[in-house]
Amino acid sequence: MPKDGGIGASSKRREDVRFLTGAGNYTDDINIRGQAHVFFLRSDVAHGTLNAVNTAAAEAMPGVVKVFTGADFEAVGGMPCGWQVTDKHGEPMQEPRHPILAHGKVRHVGEPIAAVVADTLEQARDAAEAIEVDITELPAVIDMKAAVASDDVKVHDDLTSNLCYDWGFVEENKAATDEAFEKAAHVTTLELVNNRLVANPMEPRVAVGDYARGTQDHTLYTTSQNPHVIRLLMGAFVLGIPEHKLRVVAPDVGGGFGTKIFHYQEEAFVTFAAKACNRPVKWTSSRSEAFMSDAHGRDHVTKIELALDAEHNFTAVRTETFANMGAYLSTFAPSIPTWLHGTLMAGNYKTPLIYVNVKAVFTNTVPVDAYRGAGRPEATFQLERVIDKAARELGVDPVDLRRQNFITEFPYATPVAVEYDTGDYHATMDKVLALSDRDGFAARRKESEAKGKLRGFGINCFIEACGIAPSNLVGQLGARAGLYESATVRVNATGGLVVMTGSHSHGQGHETSFAQVVADMIGIDENMIEIVHGDTANTPMGMGTYGSRSIAVGGSAMVRATEKIIAKAKKIASHLLEASESDIELKDGAFSVAGTDKSVAWGDVTLAAYVPHNYPLEDIEPGLEETAFYDPSNFTYPAGAYTCEVEVDPATGEVSIERFASADDFGNVINPMIVEGQVHGGIAQGIGQALLENCTYDENGQLLSASYMDYAMPRADNLPEMTHYVVDHSCQTPCTHNPLGVKGCGEAGAIGSPPTVINAIIDALQSGGHKVDHLDMPATPARVWAAMQG
Amino acid sequence: MYNFEVETPGSVADAVAALGREDAQALGGGQTLIPTLKQRLASPSVLVCLSGIAEMKGVCRTDDGQITIGGGTTHAAVAKATAESFPGLSGLASHIGDPAVRNRGTIGGSLANNDPSACYPAAALGAGATIVTNAREIAADDFFQGMFTTDLEEGEIITEVRFPVPEVSNYQKFVQPASRFALVGVFVAKFGDGVRVAVTGASNDGVFRWTDAEAALSANFSAEALGGLSISDDDMISDLHGTAAYRAHLVGVMTKRAVTSAA
Ligand SMILES: Cc1cc2nc3c(=O)[nH]c(=O)nc-3n(C[C@H](O)[C@H](O)[C@H](O)COP(=O)(O)OP(=O)(O)OC[C@H]3O[C@@H](n4cnc5c(N)ncnc54)[C@H](O)[C@@H]3O)c2cc1C
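Chains as they are written, first to last, in the working numbering: chain G, 1 to 790; chain Y, 1 to 263.
Because the hints were derived from the structure by calculation, they are not lab data. Only true hints are included.
Here are the simulated distance ranges between beta carbons:
hint, chain 1, residue 1, chain 2, residue 2, range
1, Y, D98, G, V193, 28 to 38 Å
2, G, K12, Y, I34, 31 to 41 Å
3, Y, K80, G, K451, 24 to 34 Å
4, Y, D98, G, H724, 23 to 33 Å
5, Y, F4, G, Q702, 26 to 36 Å
6, Y, D235, G, A56, 47 to 57 Å
7, G, V193, Y, G192, 51 to 61 Å
Chain Y regions said to be covered by chain G (calculated; three or more residues, Cβ under 8 Å):
hint, segment
8, 168-178
9, 244-253
Just so you know, these numbers come straight off a predicted model, no measurement behind them. Note that CB positions come from ideal geometry on N, CA and C, so glycine has one too.
Go ahead and model the full structure; you've got the sequences and the hints to work with.
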């Protein structure tokens with residue numbers, strides 16, 4: 001349904017004009033008069049005792065303002081963790097202190113040891129080379145199982161072990177689950193690695209701290225997905241700055257993918273140093289620094305078992321996962337392998353018994369936290385891979401095995417504590433099979449074989465929990481924050497609107513799609529609406545953008561605020577039209593009296609609100625501005641089915657993706673073009689994980705994939721031709737509990753695609769007679785070739 | 001970067017003189033050297049910029065039929081100029097890096113650098129080129145002396161590279177997925193008097209000639225002739241992107257493909 005504007009229209013992204021013409025305002029574009037630059041001296045060893053940091057020579061270097069070490073931050077709070085997980089014995093997780101600059105010990109390559117503030121960046125770098133660091137290197141612990149098996153090397157001496165927590169979910173289901181495995185007609189077991197990734201947004205992180213001595217106001221400009229969260233965490237827990245004296249601005253942000261959710265040391269540092277040096281202080285990450293200081297993603301080692309009865313019904317799922325936390329707890333790290341992973345282990349299936357065990361482990365590596373999908377790709381990958389393996393073992397069609405076990409009645413309460421409100425998994429399966437022309441696959445396989453290639457078809461389903469949500473629920477689960485969203489809608493006298501949202505856009509296109517919603521509700525042109533986000537000084541307290549929550553939660557808050565605006569505007573209109581309020585209708589930007597030709601335009605009503613000469617002052621206040629906070633009653637549950645066709649070159653092990661199709665159910669869709677872009681991008685990242693990306697440490701904790709020379713990002717030619725890269729969102733079961741009926745689409749592609757690719761490669765290899773039943777990601781040519789050699 | 005001075009000579013003679021200064025280093029296209037400077041891994045006090053030297057640029061055919069390429073000629077210029085006359089070389093040059101790299105990086109810089117995964121060394125060795133410097137002529141067989149090591153003396157400039165033109169040739173590059181340099185690259189050149197095969201990306205010793213394959217192909221220039229041949233993985237590189245065994249295997253596959261595609 002192509003429309004000219006409003007909900008359902010593929011309006012062009014208005015923000016792209018400035019992004020594509022060099023007129024964006026990114027954090028690195030912000031330069032404040034008198035600003036100094038900081039360079040962080042980072043550890044080049046993974047683990048060591050920090051005996052001394054001598055900065056005397058550095059301090060005497062040209063241009064140096066001040067040199068900071070861990071000692072300067074002793075009076076300041078450490079980096080906070082925003083989620084406390086309770087282990088299977090009811091005990092809280094182990095939570096180590098996380099200093100702003102290393103103190104006593106260094107625990108990963110890249111950990112900042114000292115910071116030099118100087119007039120220029122090059123002067124700061126020169127001075128950093130003059131700092132004498134005395135470190136006694138200690139053996140590093142990198143392998144998670146080794147870290148848990150022995151305490152010989154402890155990342156944190158003051159913790160009892162390297163185990164952050166040992167989580168069982170649902171603990172009450174454990175005995176029954178074990179029993180179901182004993183009774184099972186068939187059990188399929190799969191051990192796998194979910195590879196560690198580096199998010200690599202195009203824009204590296206940047207932070208600029210500023211301090212106004214006169215008013216004692218602090219400002220932090222930062223590349224963040226959630227400026228209010230940074231303000232709260234940094235102000236309250238790290239630096240002790242009251243929120244009314246701290247402004248956090250996240251202007252145009254060039255991609256986040258999760259890694260810009262978290263509160264980082266560099267943000268706290270520049271805010272602190274701006275006051276200490278009485279000068280604005282700027283830090284811009286280099287790409288090399290990003291590899292060793294941005295939180296990484298994924299890094300799970302999992303054993304999953306699937307129990308089936310004689311009729312191939314799934315009777316139980318049991319998993320054991322080791323989840324890497326890295327050396328410290330990043331802001332939301334503990335929640336990812338637990339509440340964003342364990343709760344999704346039912347997938348699209350009515351498995352009655354599920355038990356998930358997760359051991360979160362400290363290692364001498366960069367902290368690991370949310371990356372696009374966060375926990376849900378890990379859940380989907382293991383479940384959809386083990387189902388595929390089971391289908392092969394049982395000799396049944398992987399599509400039939402899935403269909404047979406689909407959940408078909410909604411709402412559906414899973415055994416892992418969530419309730420799916422709506423869905424139609426057969427519909428998305430039917431759709432993707434049609435889109436992918438599965439019937440024509442046999443012929444295409446023959447063509448590939450004629451060229452000496454192996455061709456495989458992969459399929460899988462996925463479900464995710466998005467719009468991360470109800471504050472009271474997440475509070476029970478350990479979140480140290482609420483998860484509502486906010487919006488203020490300000491109508492100006494001449495009828496234009498400014499929507500100030502607590503959501504944040506860093507590539508998602510809010511400025512366009514949010515405006516479409518309000519335009520639709522009032523019936524005015526979307527260009528009359530401006531979307532403002534990213535500055536705590538002019539937006540209401542909001543929780544920001546991650547977990548595909550912007551439209552579902554932030555959009556809902558905006559709808560609620562707009563409803564309040566419309567209700568008040570109707571009151572004003574009824575006064576102007578001398579009619580009863582209940583008779584007033586709003587359509588196409590005009591208020592009319594039902595059943596008459598009397599009407600008054602939107603602009604006349606807004607003008608009356610601010611020039612209240614003829615106005616019901618005794619009943620309502622002048623002005624037209626409303627705020628709403630929206631706290632959803634449940635997550636949303638986007639779901640879908642994906643297919644992929646690969647060609648494998650048996651001579652080299654090289655995999656090429658020939659076709660990819662996705663059928664997603666996102667509920668209602670605001671802007672189809674933006675949704676398709678999100679899915680295309682998500683799938684590209686999923687293909688990156690499946691075929692290319694791998695963050696690798698050696699046994700000493702040196703980061704081997706520390707630049708683009710060794711960390712392979714997906715590129716356009718790794719993706720199928722656009723004609724065979726089909727994304728569909730026509731299957732829509734609207735969310736039942738938010739006003740727009742939307743579910744969120746930002747992460748789906750990255751969640752649903754990795755198992756699709758691997759399932760297809762396994763299918764290809766098996767067709768060539770290779771007895772390969774699993775490949776760990778990334779399926780590089782070298783790995784695929786080695787697997788074919790047996 | 002550390003501070004340095006820049007010299008912009010207009011002739012080879014001036015460049016040689018400038019390179020006589022203490023800690024001076026030649027700057028070709030900067031596609032290797034500039035990133036190295038940015039990471040503070042090198043600290044020359046003077047950069048001698050070769051890109052303004054007209055006599056080091058361009059491609060021509062000499063009277064004896066060889067193709068002569070100025071040491072300061074960019075990859076893009078080589079790809080264009082040799083498309084008809086030496087498609088094997090043109091194909092190689094047109095797949096180095098991306099357009100930005102190809103429009104800056106030079107053949108002289110690439111050969112002088114002798115990265116073990118670089119493409120040009122395979123062409124120079126595979127075609128039996130002559131590397132001409134401001135001081136002398138060096139046969140490719142003597143020029144490459146292990147990874148990042150060449151026969152060049154301090155301050156010596158590659159002014160041109162002379163390629164005998166093979167009857168047919170081809171370069172097959174199996175890319176390292178991240179850098180897209182050669183995980184294994186093989187250049188095959190068939191001349192009237194025999195076949196040369198040079199391999200890059202694979203060996204700890206840098207580019208080398210696969211003499212067994214040369215013998216087999218000189219007798220019978222066909223992929224089948226390579227059928228029974230394999231190469232030892234003893235000195236092959238093992239890293240994140242492939243084991244020694246995988247690289248040794250790829251040498252065989254890429255050589256066959258180069259023979260089949262030779263034009
Ligand atoms: C993103 C990227 C991708 C790349 N991909 C590939 C690839 O796929 N295959 C490949 O082969 N290469 C690749 N390269 C390397 C590229 O080809 C470089 O251009 C080349 O290696 C160096 O050439 P340059 O002219 O840039 O030399 P510079 O970087 O300027 O210099 C390199 C070295 O050579 C010396 N030098 C330069 N010119 C001369 C001369 N005329 N005589 C003597 N010494 C000289 C310099 O002093 C320096 O030591 C890539 C580079 C980048 C940045």
